[in-house]
Structure formats: structure tokens, C-alpha cells
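Visitor: Residue strings, one per chain:
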Amino acid sequence: MSTVDPAIVTTGGHGHADDHGHGHGHHGSFISTYVFSTDHKMIGKQFLITTLLMLMVGGALALGVRWQLAFRWEAMPIFGQLFPAQGGQIPPEFYTMLVTMHASVMIFLVIIPILAGAFGNFLIPLMIGADDMAFPILNMLSYWFMWPAIFCFGMSFLQAGYGAAGGWTSYPLLSALPEAAPGSGSAQTWWLFGLTFVGFSSMMGSINYMTTIINMRAPGMTLFRMPLTIWAMFITAILQSFALPVLTAAGFMLVADRMLGTCFFIPSGIVVNDTDPTVGGGQPLLWQHLFWFYSHPAVYIMLLPAMGMVSDMLACMSRKPIFGYKPMVYSMAAIAGLGFIVWGHHMFTSGMNPALGMTFMVSTVMIALPSAVKVFNWIGTMWGGRLVFNTVMLNCIAFVSMFIVGGLSGIFMAAVPVDIYIHDTYFIVAHFHYVLFGATLFGCFAGIVFWFPKMYGRLMNEKLGKLHFFLTFIGFNGTFFPMHLLGVSGMPRRYADPYLHPYLEHLLPMNQFMTCCAILMGFSQFILLFNFFYSRKFGPKCGRNPWNANGLEWTAPSPPGHGNFESVPICHRGPYEYSDPKHSEDFWLQTDPPAKRGDGPATVAAH
Amino acid sequence: MKRFWCLFFMIWPVLALYVCWIAPQMGWWFPFNGPTGMKAASPLGERIDDLFYMILYITTATFVGTQIALGYVLFKGAAATDEGNTEKAWYSHGSHNLEVIWTIVPACVLLFIALYQMDVWAQYRVKDSFPSETKQGAIAEVTARQFEWRIRYPGLGPDGKPLPLMPEPQPTDLYTVNDLHAVVGKAVMIILETQDVQHSFFLPELRVKQDAVPGLDIPVWFKASKSGDYTLLCAELCGWGHYKMKARMVAETEDKYLEFLQKLTKSQNYDGVPETPAEGAPVASAAE
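In order, the protein sequence lines correspond to chains L and C.
Every position in the first sequence, counted from 1, becomes a number in this note's numbering once 55 is added.
Every position in the second sequence, counted from 1, becomes a number in this note's numbering once 5 is added.
Derived by calculation from the structure, the hints in this document are not laboratory data.
Think of the CB as a built atom: it goes at the ideal place given N, C-alpha and C, for glycine as much as any other residue.
Any given hint might turn out to be false.
Covered, in the sense of this in silico footprint (three residues per stretch, anywhere, with C-beta under 8 Å from a C-beta of chain L), are these stretches of chain C [stated by the list, open to error]:
1) 31-38
2) 69-75
3) 129-142
4) 170-178
5) 197-208
6) 219-228
7) 268-276
Below are the SDA-like pairs computed for lysine to any residue, each with C-alpha atoms no more than 20 Å apart in a straight line [said to hold, decoys possible]:
8) C/K191 <-> C/K93
9) L/K637 <-> C/K93
10) C/K140 <-> C/A83
11) C/K249 <-> L/R127
12) L/K381 <-> L/L555
13) C/K7 <-> L/K637
14) L/K637 <-> C/L170
15) C/K93 <-> L/I529
16) L/K521 <-> C/A192
17) C/K191 <-> C/P174
18) C/K81 <-> C/I109
19) C/K7 <-> L/F525
20) C/K132 <-> L/L555
21) L/K518 <-> C/F13
22) L/K518 <-> C/F9
23) C/K251 <-> L/G275
24) L/K381 <-> C/K7
25) C/K7 <-> L/R127
26) L/K381 <-> C/K44
27) L/K518 <-> L/L563
28) L/K592 <-> L/K637
29) C/K249 <-> L/K521
30) L/K518 <-> C/R8
31) C/K249 <-> L/L519
32) L/K381 <-> C/S100
33) C/K251 <-> L/D635
34) L/K521 <-> C/K93
35) L/K521 <-> C/P111
36) C/K132 <-> L/P409
37) C/K268 <-> C/K132
38) C/K249 <-> L/K637
39) L/K637 <-> C/W95
40) C/K249 <-> L/Q338
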């Protein structure tokens, strides 16, 4: 086996790690191996490291928000040095910028690319037994289109207003009229360009994933023998490719409104900041419809891959087949299908036709059903298993436990009358953080530890992993659980100083507690980063299959060379044949030929 | 160590439930500073709270149930790997019957939740279902702008009663900023507009929220059940000063309301010549 790569993105490498050592004889230059690589594994790792760094950026922005909510108008230590305002204070326009850019970075540069970009890229060919993606160059471009996006978002910080400040939803007219806010000028334009580049990147990825999964599965890898991760990636790619054009079009319309003088979203007679009245003829609600037509499915784009990955890891760490494989697949498909007809629940109080409120409520409430089925199946998977309580498993259990909270709090907001009150309060902030952080990010943490051996041929440190999990879990719940109560108390979101309103004054101590927890959580991520980079170099070396898992990826060397497998793997059974009484071991690789006639292809993963 | 983790995953739901349990006493629950205390200050708001509690009970039961199930499988799964326990894990691919049960039961519960909400929503938002009192027309036009609420009342007629509110501003109209007055115990309707970006009209104590959308005139009705001052604020990000769109909604008796309008008329028609030097300073902050 080759040594572990000395560097991933750009720094410090010197070519010796090109030797992948199992006969493919692939020797590329440093640039073609580490920078403009077309190898799906390298692209996946590039995505992973980029998104982990962006996670720290997004986290720093979040800490700015939390600081202001706990210690308003006080100079912020450490991060305050970076702030332009005097003495590190957070002025209100800066606060709205922090809120906006925190969400934008986390959603567009962390969650979506870490799931589809990092795990999708790394896992899809390995798990279906392909040697690479269907379109390797397109795949490379999908990563390199992230950088213009990062550049545009970065440029946004350097404009007047120090960044877009119209919320990540960028509702017009705040985002359409440059005079509307300090951050609505060129900062907003850069933000919109950044969004467009993220879209390009995702679209290239999605086309690739769909094509690869449909066409490049190994012999014997039927659709219903695919691991749930692959099902999730497949469904996500479909969602992405259908929903994304709408957002891209809407983004261009908004850019046109801002730069070319069109009025898609601008009604007539609007006076902002004493400017001349707008000519108009447009409707801002149109943006909301178009935006959420993408961004609601995007919520599932940000969740489904994690669901798939956690299903795989839970089965492995419970040493048990997944409970209800087909219901799991169908419920993911149902979430995706219903996901397209629920976007209006973001707009219950927007003034759209109230009859729509009722229809969107029914579809929204019904989408809780496949989610519930998945939760029951995850618990069913652990039921009667021989659980391995390692870092992977702990993060997976946290995923299930947190997703229950996020799912249940969603029902409150799906109910329109209740939503009238809790809409745009901290209740919604609690809800989506439980789903996006509590579920997705814990799922990603588990995924990193689980597939790290396959990425680098070494195991991550278990003690550090558990410590990271422990602190993150406590910090997470301490930060976000009280947000439910803030929401019920009627504290609106995106307020730079909620305590200006007497009915919110008494919530200050609670916010201070939450900020302390957030700081704890933020700084615990350094443990993850340290563990990641330390283990890459010094972690204990492992063989092909350190977890005794079944998937095709575990039959490849760790790390796999160019082309992944020494020979074409042949898939004989489903991915979840753990603890089969007919088999001597408690796992049964998908590639193991059937022992005798009859117990091979017949024992597929579901009935 | 594995039992520690099982316990760890069981402690937090207990803590969460405990925090929710003590929340009302600690003031971490519905706003309580208003005239009606923690109770919603409008009949519709009370119904919204009832629906909230209904969902809360259902979700709490589900939460407790799933967390207990999770705890059970965790402890059982931990015991399965105890020393001397060599039995393999339960080889099961699932249960068709269980899948059917846990699909149909939540489906029925969820459908019930959805259908049960329709009525309140219709009353709140569907114009045909508005209370009959609102059919007489709106009492005021509320125009949001960065970062204040401008309120236009119709002037008083010769009979001392308010004139109907016209869509276009009239010479007799009365104006206030950040000070909305309404008659208590009566359903009143306002027309919500915005002069610039999107805002949202939020009366937390009355559980009323409606976005003010550029280009739309949206009718909003509410009924304060007790007289007093209520909070009015903005709930949709509208720029840097979003947090400071602080205003009040005063619910008062009909007499007091008319008195307020008379005072407003007087201060608005004030021509600068004091009738008696001692008094005559403007009573309400008049804009434009």
C-alpha cells in the first residue's frame, strides 16, 4: 500500500504519494493528482476539507450572532479584532449581515457540498463497485466551481455593509433595491453570483451521480441491493436537478432587477430611503414562491444523504440488517416527492391566498409520515442488535435522537394557526438547527469517522472522537433546546437587540447560557479538526475492512488506488446481511460468493 | 463505558422535559407581561394556544415513546455485548405488520392534526369567515416603513363618529406613528401595507402575525379581550433597524377610543395659536 497522502488540497505535497501501488501504474503530476484531480476520491476529499474549513468560518459567524444576543453592544473578544466597527462591537447592520452570511455559508458552502460533494463523490463509485464517476472531468469542475462561489461570498464581505444582509432567503425588496440596507448594494450582488456558482457546482454533481448510479453499478448490484446511502444520493440528485433550475432562474431575475432595470419582483410606487418611487409592476411574493420551490427540496437535499449514511452505519454498528429496507427506500422517495409540494409552508403568513395555506398544511403534515417511518425503522434496526458504542455509533444515535426533536417541532409549524404565532420566532430557528445540525451534521461527523479509514488508510482517534462528540452534543442541546422556549416566548429571529422590547427582557440570562454553550460547541470543533489532521498522518493503520462491514467499498484497499478495485467486484447479496445465522461471521461482504446454491441472490436485503 | 452512553442518551430527554415543565413558572413560556398575563389576549389567540397545546401533548407523547424505545434498545444492545454473551444479533429484515401499523397510526394522527386546524385558519385569514363586525370596514390603515409603523385613521364626522376609511388618504384623516388604537372586545380590521420593503405585523400577546408585502393591501383583524397596552413589532427582516420597529397597540373602550381620536384631531388641526397659553401642546406625536 502507498503511504498516506501528505497533503490534500495544495500545500506541502511532493509527489511520492502518487504511487498507489496496486498495478494500475497511474502516475500523475502533483497538479493533476492533488489540484485538478479527476479521481472521485480526491475530489471527495477536496470537498470534505474545504467544507470542514467553511464549517469553521460559518461557526465563527454564528458565534458573532450569539455574542450579540448575550452581551449586546459589548466588544467581542478574539473575533472582534476582525470586525470593522470600533472596538469589536457588533452594530445592527453588521448583526443582520452575520445572520445572513452564517446561514449562507453553512447551507451553501458546508451542508450541501459536504453531503453531496464530499460523501457523494467519495462513496458512490466505491459503494456501487465502479472505478470512477461517469464524467470525471465534470466531477472535477463541480469541485472547482465551488471556488468562484467561495470567492463571490468572500467578496461580499469586502463590500459596503460588510456582506449581504437580507437574510439567506434574500426576500425582495430588501435584496432587490440597493438602497434598502447597507448590505443590499454590491454585497448582495456578489452574494447572488456566489449562489449561482454553488448551483452550477451542485448541478454538475447531480447529473454525474444520477448517471453513475444508473449506468455504472457492478454486476449483481441491482437497485434493491444498493446501500441506502446510494439510494439517498440518487434521490437527492434527482431532487437537486429538478429544483435547482428554478432557483438559478430566480437568482438571474433578481440580478436583472438589480442591474438591468427589470421589475420581476418590484411593485410600483415603492419608496426606500427617500429614493424616487419605483416604476414597478412586479410582485415580491413571486420570489418567495420561486425561492422556496428550490429551498424546500433543498432542506431534504441537506438531510436525505445523511439519513442514508446513518442507515448504513447504524446497521453495521448494530451488527444487524437494516429494519425494513424497502420501507426506508420508499419513505425517502416519498419525502422527495412530497418535498416538491410543501414549499408554501414557509409562506403561511406571507399574504398568499389563504386557501393555499390549507393545502400546504396537509401536504406538510403528511411529510412527517415518511420521516416517522424512518425513525421507527432506525430504532428497529438497533432493536436486538449487538451495539458497538464507538464514535460512529454515538453520532448516529445522536442523529436519530435529535432528528426526533426536529421532526416533532416541525409539526407545530406545519399547523397554520400555530404557525401564525411562532412563524419567524426562535422556534423555527430551534427546529431547523435540530434538523440541520442535530441530524445532518451529527450524521456527517459519524460519516467522517466511519469512512476515514477508507479515505486515508488510518483510523481516527477514538478517545478524541468521543470527547468531540460529548462536548458537541452537550453544547448543541444547551444552545438550541432553549430556543424552542424563546420561540414560545415570542422572541422574533434576526433581532440585533430583542431586549429593547419589555416582554423579552427577562430572556437575557437564558440567552447568555445559550451563548456559553455555543462557544463550547464551537471550540469543540477544533478537536474534530485536530483529530482529522492528526489521524491522517499518525492514526493507526488499518486494513480493508476495519468495521467488518458488508459494502463493496470495504473490499477495496484502504485507501483505494486509482480505479478503486483490483478486479470488477461482483455483488451477490444486499448490503445489510449482518449476523446471518447461516454464515459463520457476523458480517457477509456483498462480494463473498454464496457458500452453496440457494443462499446467495435469494437473500436480498428485504422481503 | 457503554452503559454510560446509554444513560447519557436518556438523561437529555429527561432534562429537556423537565425544562419544559418548569418553563411556565420560570417565564420561559408565552409572553406574560401583557394585560391578560400568559393567556392569549384574543379569543382567536386562545384557540391558537389550544391547538398549540394539543400538538404539544401529541408530540410529547411521541417524544417520550420514541425516547423510551430508544433507551430500551440501547440498554438491550449494550447488554448483548457483555462478556460471555456470544449470541449473534437478531437476524431480522423487518416486520411487514409493524411497518403497516407505524405508517397508518401516525398517518391518522397527522391527518387529524391537519384537519383540526382548518377552522381557526379560515377564521383568521379567509375574508368570508371574518367576524361580522369587521364588515363595517377597516378602522385604520397601517403602513410599515423602515423602521416604524405609520397609522392612518379616518377623521371624525359631524356626528362625532369615525368616518369610513377611504383607500386614498383624505384631508380629514388622522395620523399617528407607532401608536395603534383599537376598541377592546370588538373585532377590528386594519389594512396592512408597506411603503418600502417587506415587514410583518406581529402582536405577540394576541397571537397575530401578518406580513406586509410591497404592492399588496392585506386585511388583518383582531379582537383584544382586555383593555391595555400591547406590544406591536416587526417579525420579518426589514433591514438593519428591524429590531427597533417598536410600537404599541392600545386596546380601550369605545369612549376612550373616540376621545383619543378627538384629541388627535385637535392636535393635528392645531394652528400654532394657543387658545389659552397654558395648554395646547400637541398630545400625540403627529407625523406628516
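Visitor: Could you run down the list of hints and mark each one as holding or not?
Guide: Cross-check of the supplied hints:
1. 31-38: holds (count 7)
2. 69-75: holds (count 4)
3. 129-142: Holds: 3 residues of the region 129-142 of chain C have a Cβ under 8 Å from chain L.
4. 170-178: violated (count 0)
5. 197-208: Per the Cβ count (6), the hint holds.
6. 219-228: With 4 residues in contact (Cβ-Cβ under 8 Å with chain L), the coverage given for the region 219-228 of chain C holds.
7. 268-276: violated (count 0)
8. C/K191 <-> C/K93: violated (70 Å)
9. L/K637 <-> C/K93: holds (11 Å)
10. C/K140 <-> C/A83: Status violated; Cα separation ~66 Å.
11. C/K249 <-> L/R127: This hinted pair holds, its Cα atoms lying about 14 Å apart.
12. L/K381 <-> L/L555: It is violated: about 53 Å lies between the C-alpha atoms, which goes past 20 Å.
13. C/K7 <-> L/K637: violated (29 Å)
14. L/K637 <-> C/L170: violated (82 Å)
15. C/K93 <-> L/I529: violated (33 Å)
16. L/K521 <-> C/A192: violated (58 Å)
17. C/K191 <-> C/P174: violated (25 Å)
18. C/K81 <-> C/I109: Measuring from Cα to Cα gives roughly 27 Å; hence the hint is violated.
19. C/K7 <-> L/F525: holds (13 Å)
20. C/K132 <-> L/L555: violated (34 Å)
21. L/K518 <-> C/F13: With a Cα-Cα distance of about 16 Å, the restraint between L/K518 and C/F13 holds, given a limit of 20 Å.
22. L/K518 <-> C/F9: Distance ~15 Å between L/K518 and C/F9 Cα, so the pair holds.
23. C/K251 <-> L/G275: violated (66 Å)
24. L/K381 <-> C/K7: Violated, at roughly 31 Å.
25. C/K7 <-> L/R127: violated (42 Å)
26. L/K381 <-> C/K44: violated (47 Å)
27. L/K518 <-> L/L563: violated (36 Å)
28. L/K592 <-> L/K637: violated (40 Å)
29. C/K249 <-> L/K521: violated (43 Å)
30. L/K518 <-> C/R8: holds (16 Å)
31. C/K249 <-> L/L519: violated (45 Å)
32. L/K381 <-> C/S100: holds (11 Å)
33. C/K251 <-> L/D635: violated (65 Å)
34. L/K521 <-> C/K93: violated (26 Å)
35. L/K521 <-> C/P111: Between L/K521 and C/P111 the Cα gap is close to 35 Å, so the pair fails against 20 Å, i.e. violated.
36. C/K132 <-> L/P409: Holds: C/K132 and L/P409 sit about 9 Å apart, inside 20 Å.
37. C/K268 <-> C/K132: violated (33 Å)
38. C/K249 <-> L/K637: violated (69 Å)
39. L/K637 <-> C/W95: holds (13 Å)
40. C/K249 <-> L/Q338: At roughly 26 Å apart (the allowed maximum being 20 Å), L/Q338 and C/K249 break the hint.
Hint check: violations occur at hints 4, 7, 8, 10, 12, 13, 14, 15, 16, 17, 18, 20, 23, 24, 25, 26, 27, 28, 29, 31, 33, 34, 35, 37, 38 and 40; the rest are consistent with the structure.
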